[in-house]
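Going down the list, the protein sequences come from chains X and Z. Under numbering that gives the first Met the number 0, the final residue of the first sequence carries the number 290; numbering is consecutive throughout. Under numbering that gives the first Met the number 0, the final residue of the second sequence carries the number 208; numbering is consecutive throughout.
Treat the hints as calculated values from the structure; they're not laboratory data. Any given hint could be a false lead.
Below are the EDC-like pairs computed for lysine to aspartate or glutamate, each with C-alpha atoms no more than 20 Å apart in a straight line [claimed, not checked]: (1) Z:Lys107 with X:Glu81; (2) Z:Lys55 with X:Asp2; (3) X:Lys24 with X:Glu163; (4) X:Lys52 with Z:Asp105; (5) Z:Lys179 with X:Asp2; (6) X:Lys174 with X:Asp245; (7) X:Lys52 with Z:Glu123; (8) X:Lys246 with X:Asp260; (9) X:Lys1 with X:Asp63; (10) X:Lys83 with Z:Glu167; (11) X:Lys1 with Z:Glu167; (12) Z:Lys171 with X:Asp191; (13) X:Lys83 with Z:Glu176; (14) X:Lys174 with X:Asp241; (15) Z:Lys179 with X:Asp191.
Away from chain Z, derived, C-beta distances all over 10 Å, residues of chain X [to be verified]: (16) Ala7; (17) Glu40; (18) Pro64; (19) Gly67; (20) Glu84; (21) Asp204; (22) Ser211; (23) Ala238; (24) Ile258; (25) Met261; (26) Arg288.
Covered stretches of chain X (chain Z as the covering partner; in silico rule of three or more C-beta atoms under 8 Å from a C-beta of chain Z) [said to hold, decoys possible]: (27) 174-182; (28) 225-233.
All residues carry an ideal CB built from backbone N, CA and C; glycine is no exception.
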Amino acid sequence: MKDIDYAAPKTIAEACAILNEKGDKARCLAGGTDIIVQVREHRRDIDVLVDIKHIPQVNALNYDPSKGLTIGAAVPCYRIYEHKEIARAYPGLIDAAALIGGIQIQSRASLGGNLCNASPAGDTIPPLIALEATCVIVGAGAMREVPVEKFCTAPGKTMLGRGEMLVQLKLPPPKPRSGAAYLRFIPRNEMDIAVVGAGVAVLLDDSKQRCSAARIALAAVAPTPLLVLEAGAALVDGALGDALIDKAASLAQAAAKPISDMRGTAEYRKHLVGVLVKRTLNIAIQRARTG
Amino acid sequence: MSDTKETTGLSRRQFLKGSGAAAAATALGTAAAPGALAAQAPAAQPVPGMGPAGVKITLQVNGRKMSSTVEPRVTLLDALRNYLDVTGCKRVCDRGTCGACTVLLDNKPVYACSMLALEAQGKEIRTAESLVQGAKLDAVPAAFVRFDAQQCGFCTPGFVVAMKAVLEQNPKATPAEVEKGLAGNICRCGTYEQMRDAIYSLCNTKRGS
Ligand SMILES: Cc1cc2nc3c(=O)[nH]c(=O)nc-3n(C[C@H](O)[C@H](O)[C@H](O)COP(=O)(O)OP(=O)(O)OC[C@H]3O[C@@H](n4cnc5c(N)ncnc54)[C@H](O)[C@@H]3O)c2cc1C
Ligand code: FES
Ligand code: FES
């Protein structure tokens, strides 16, 4: 590995000061499951790793049924899915947090790192988008909060500016009669990258036969994770059933702009979008009806 | 302080200079007002940058404190194997995909190749060596021996450590829990059949049940 510096700031201000001073030559170190391999394989040329795990806000995990969920950017996946109340309240998020890598990866990997790595195939990103999560970003002088769907700008690129870091992810509290789900397709059961991923969230009305709101997000079918607003909107006019779900799935397929690569052709990916959107919607609706 | 540190690294002195300038700017009222979260923290204190030259570290390995001087880029795996002579964890892929380097960090299985040694300070590290007390083998490696669950044996220390974690979490682990707990380990020789026998004996379940 290239010789690098290591800094372990204890406050956000200290971390931002280093990130600001070093610009592109500094990167945050959360779980390290992406960045350490990237530095070792010379895919990122940096001078300093800024270990953010000693900053309290970045390590905190808080759930309050009336206020929602705050996930510190460096909280590893296992802490999220082992938290019983959080697991019950956000099963759609847990679908993704519990399938990243294997157990060793889940002991370290964070949702913040998954998002900041900005892979089009990042598994936790579609459910975060579907669940209307926002990113709390702090820079040298200011704080801003942006929806997750705006955060990634290109493969490996985010909207973070010089001296800025992601501090927390915030999710609104789950509403009654709401449900969410995430599924991905990969050729093997674990330890691979999604060929396609679909994350959905639905909110049902009192009758539980109609949808009053829905969000559908996709992974690995565009340069960034994709929110398909029109597919969610299609679920809102009419009685829930196969016809409506098929319509949402075909709108999602139409929005997908996949490439062909070693994991699958563009046509195959389009086909998978239809399959996965239908399956995740059925799971989410089931969860909303019974949850 | 060596020359390399001054030119390529984030030396304490350079950093002090930088943050001093920032503090002065704030005092003069030229900097923007910090946001809520940013304001919670006091004006940036100097954070000692470490490296790239060696840094003295102490790790708690298998119940013993061990010290050495390592560069920040040294992974926990390389620190254990090359600096502390704890060679149970193996270096195979060195990129977080095979599980041969699995160690327990505060009781959680992690890939030692995918974290820095510096990050492991203050944590309890357990390697495959912790599964032997004198001449007595822990039940997990003992079952692997009894069922001949290795060929070259290179993956074995990783597998037994990962399996130990599964059983510590639930001594009556279900097949699904075992599968999840071992999904991050690969055996290139394909000794999975014998490993299954060993694992089922550990969980007191019959194969196929
Ligand atoms: C074997 C293996 C299997 C994997 N399987 C999957 C999988 O199934 N699905 C999947 O989506 N990913 C997978 N990954 C990729 C990786 O584990 C995930 O992307 C993980 O969530 C990254 O989190 P981390 O905390 O380890 O991030 P790090 O490696 O610490 O950081 C990732 C990137 O984000 C930046 N960063 C981190 N935190 C911040 C912050 N707070 N502010 C600004 N920048 C920040 C870092 O500088 C770095 O560029 C796998 C990786 C491996 C090695
Ligand atoms: S050597 Fe660490 S996972 Fe392969
Ligand atoms: S026994 Fe050879 S790799 Fe598993």
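Now the hints, each set against the structure:
no.: 1; hint: Z:Lys107 with X:Glu81; in the structure: holds (12 Å)
no.: 2; hint: Z:Lys55 with X:Asp2; in the structure: holds (16 Å)
no.: 3; hint: X:Lys24 with X:Glu163; in the structure: holds (13 Å)
no.: 4; hint: X:Lys52 with Z:Asp105; in the structure: holds (15 Å)
no.: 5; hint: Z:Lys179 with X:Asp2; in the structure: violated (35 Å)
no.: 6; hint: X:Lys174 with X:Asp245; in the structure: violated (25 Å)
no.: 7; hint: X:Lys52 with Z:Glu123; in the structure: holds (17 Å)
no.: 8; hint: X:Lys246 with X:Asp260; in the structure: violated (27 Å)
no.: 9; hint: X:Lys1 with X:Asp63; in the structure: violated (43 Å)
no.: 10; hint: X:Lys83 with Z:Glu167; in the structure: holds (19 Å)
no.: 11; hint: X:Lys1 with Z:Glu167; in the structure: violated (37 Å)
no.: 12; hint: Z:Lys171 with X:Asp191; in the structure: violated (29 Å)
no.: 13; hint: X:Lys83 with Z:Glu176; in the structure: holds (17 Å)
no.: 14; hint: X:Lys174 with X:Asp241; in the structure: violated (24 Å)
no.: 15; hint: Z:Lys179 with X:Asp191; in the structure: holds (15 Å)
no.: 16; hint: Ala7; in the structure: violated (7 Å)
no.: 17; hint: Glu40; in the structure: violated (7 Å)
no.: 18; hint: Pro64; in the structure: holds (24 Å)
no.: 19; hint: Gly67; in the structure: holds (17 Å)
no.: 20; hint: Glu84; in the structure: holds (19 Å)
no.: 21; hint: Asp204; in the structure: holds (36 Å)
no.: 22; hint: Ser211; in the structure: holds (33 Å)
no.: 23; hint: Ala238; in the structure: holds (37 Å)
no.: 24; hint: Ile258; in the structure: holds (24 Å)
no.: 25; hint: Met261; in the structure: holds (16 Å)
no.: 26; hint: Arg288; in the structure: holds (26 Å)
no.: 27; hint: 174-182; in the structure: violated (count 0)
no.: 28; hint: 225-233; in the structure: violated (count 0)
Hint check: violations occur at hints 5, 6, 8, 9, 11, 12, 14, 16, 17, 27 and 28; the rest are consistent with the structure.
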